[in-house]
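For the sequence shown, the numbering used here gives the first residue as 92, with consecutive numbering after it.
FYI, nobody ran anything at the bench for these hints, they're computed from the structure.
There's no promise every hint is true.
[As the list claims (entries may be wrong)] Pairs of lysine-lysine residues, derived as DSS-like cross-links and limited to a Cα-Cα distance of at most 30 Å, are as follows:
(1) K194 <-> K177
(2) K167 <-> K134
(3) K194 <-> K229
(4) K177 <-> K167
(5) K345 <-> K132
(6) K343 <-> K132
(7) K252 <-> K167
(8) K343 <-> K161
(9) K134 <-> K345
(10) K177 <-> K134
(11) K167 <-> K240
(12) K240 <-> K252
(13) K132 <-> K240
(14) K252 <-> K229
[To be verified] Cβ pair distances, simulated, as ranges:
(15) A327 <-> R256: 40 to 46 Å
(16) E251 <-> G111: 21 to 27 Å
(17) R256 <-> N295: 22 to 28 Å
(18) K134 <-> R256: 19 to 25 Å
(19) E184 <-> G347: 52 to 58 Å
(20) T156 <-> D241: 18 to 24 Å
(21) I183 <-> N295: 22 to 28 Å
(22) P186 <-> G111: 41 to 47 Å
(23) I183 <-> L342: 39 to 45 Å
(24) Y204 <-> E337: 27 to 33 Å
(25) F199 <-> I303: 26 to 32 Å
(26) K229 <-> E341: 55 to 61 Å
In this text the structure is predicted, and so the values were computed from the model without any measurement.
Ideal placement from N, C-alpha and C gives every residue a C-beta, glycine not left out.
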Amino acid sequence: MGIFPFGRSATPIGLDIGTGHFRAAQITPGAATNTLANYAKIKVPVGSVVEGEIIDVETVSQSLTQLWKKSGLSGKDVTIGIASQKVIVRLIELPFMEPNELKGAIQFQAQDYIPIPINEAIIDAQIVNQFLGENDEKMIEVLLVAAQKDLINNTISAVEKAGLRPQVVDLSAFAIVRSLLDDTNTFLPEDDDTSVESATALINIGSGLTNIVVVEDGMPRFARVTPMAGDDLNRAISDALNVSFEVADELKRKVGLPK
Numbered sequence: 092m093g094i095f096p097f098g099r100s101a102t103p104i105g106l107d108i109g110t111g112h113f114r115a116a117q118i119t120p121g122a123a124t125n126t127l128a129n130y131a132k133i134k135v136p137v138g139s140v141v142e143g144e145i146i147d148v149e150t151v152s153q154s155l156t157q158l159w160k161k162s163g164l165s166g167k168d169v170t171i172g173i174a175s176q177k178v179i180v181r182l183i184e185l186p187f188m189e190p191n192e193l194k195g196a197i198q199f200q201a202q203d204y205i206p207i208p209i210n211e212a213i214i215d216a217q218i219v220n221q222f223l224g225e226n227d228e229k230m231i232e233v234l235l236v237a238a239q240k241d242l243i244n245n246t247i248s249a250v251e252k253a254g255l256r257p258q259v260v261d262l263s264a265f266a267i268v269r270s271l272l273d274d275t276n277t278f279l280p281e282d283d284d285t286s287v288e289s290a291t292a293l294i295n296i297g298s299g300l301t302n303i304v305v306v307e308d309g310m311p312r313f314a315r316v317t318p319m320a321g322d323d324l325n326r327a328i329s330d331a332l333n334v335s336f337e338v339a340d341e342l343k344r345k346v347g348l349p350k
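Kindly generate the complete structure, drawing on both the sequences and the hints.
Below you can see the structure in the form of structure tokens.
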């Protein structure tokens, strides 16, 4: 099973572990473009997922089982999308090495760049660039991703208990980037001002978490998750207008923010 690959996934069913809903999307690959074949969502049981981390594995697995039954999704192989502050993304520079050498070396190098103890982390890394440093020394730029083991293990356990087969655990931030880039690394819709030659910030505001990712040259340069999100806006509207949380959510969706 792959962990945090940035390249495109061949798995046709994506499963998003959100804080408000679990969402599944099934894609039919085509020669020119992919087609959304099925989409379904189910509310996250209260308290079972906190800030992107599965707390109650059994309850989550039951919800995922219900999601598959009610949606008619065909297939059990899934790519899982997660978003959590327990996942760290860093761009680091290292002396040149081949990809097969990086796999072993990163286990020793990573501790200098992440706040998670190595023995408590799952680490993945990918070479994204090569360049010449000082004195013409060959260097590589590496996309380093580290997550706490309990976050990944609980996620995989819940998905497997639902009778599904995890193929890839991916960052939701990476999925956002892939969904908005075409094969020429241009953001969609095509616009001269959105060329990846300049940095572009992508922000996805969910109910409980907000994903922020900055992309340059088609590659994530910065990725963060913050707990300030849609529910906070709902509470602010609710307090300001003295309306219920549900009414505040409806107003947020219909009226939006001042321009």
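Satisfaction of hint between K345 and K134, Cα-Cα up to 30 Å: 21 Å, holds
Range hint compliance [Cβ, I183 to N295, 22 to 28 Å]: Holds - the Cβ-Cβ distance for I183 and N295, about 25 Å, lies within 22 to 28 Å.
Outcome of range test on Cβ distance (K134, R256; 19 to 25 Å): Holds: the Cβ-Cβ distance is about 24 Å, inside 19 to 25 Å.
Y204 versus E337 beta-carbon gap, inside 27 to 33 Å or not: Distance hint for Y204, E337 is violated at roughly 43 Å.
Range hint 21 to 27 Å (beta carbons of E251 and G111) holds or violated: With a Cβ separation near 23 Å, E251 and G111 satisfy 21 to 27 Å, so the hint holds.
CB-CB spacing for L342 and I183 relative to the 39 to 45 Å hint: Holds: the Cβ-Cβ distance is about 44 Å, inside 39 to 45 Å.
Status of the given 18 to 24 Å range, CB of D241 versus CB of T156: 22 Å, holds
30 Å Cα cutoff - pair K240, K252: Roughly 18 Å between the alpha carbons, so the hint for K240 and K252 holds.
Hint consistency between K194 and K177 [alpha-carbon to alpha-carbon, up to 30 Å]: Holds, because 21 Å separates the two Cα atoms, which is no more than 30 Å.
Holds or violated: K132 to K240, with C-alpha atoms at most 30 Å apart: 26 Å, holds
Hinted pair K177 and K134, Cα distance within 30 Å: 23 Å, holds
Status of the given 55 to 61 Å range, CB of E341 versus CB of K229: 57 Å, holds
When the structure is compared with the earlier hints, violations turn up for hints 14, 19, 24 and for no others.
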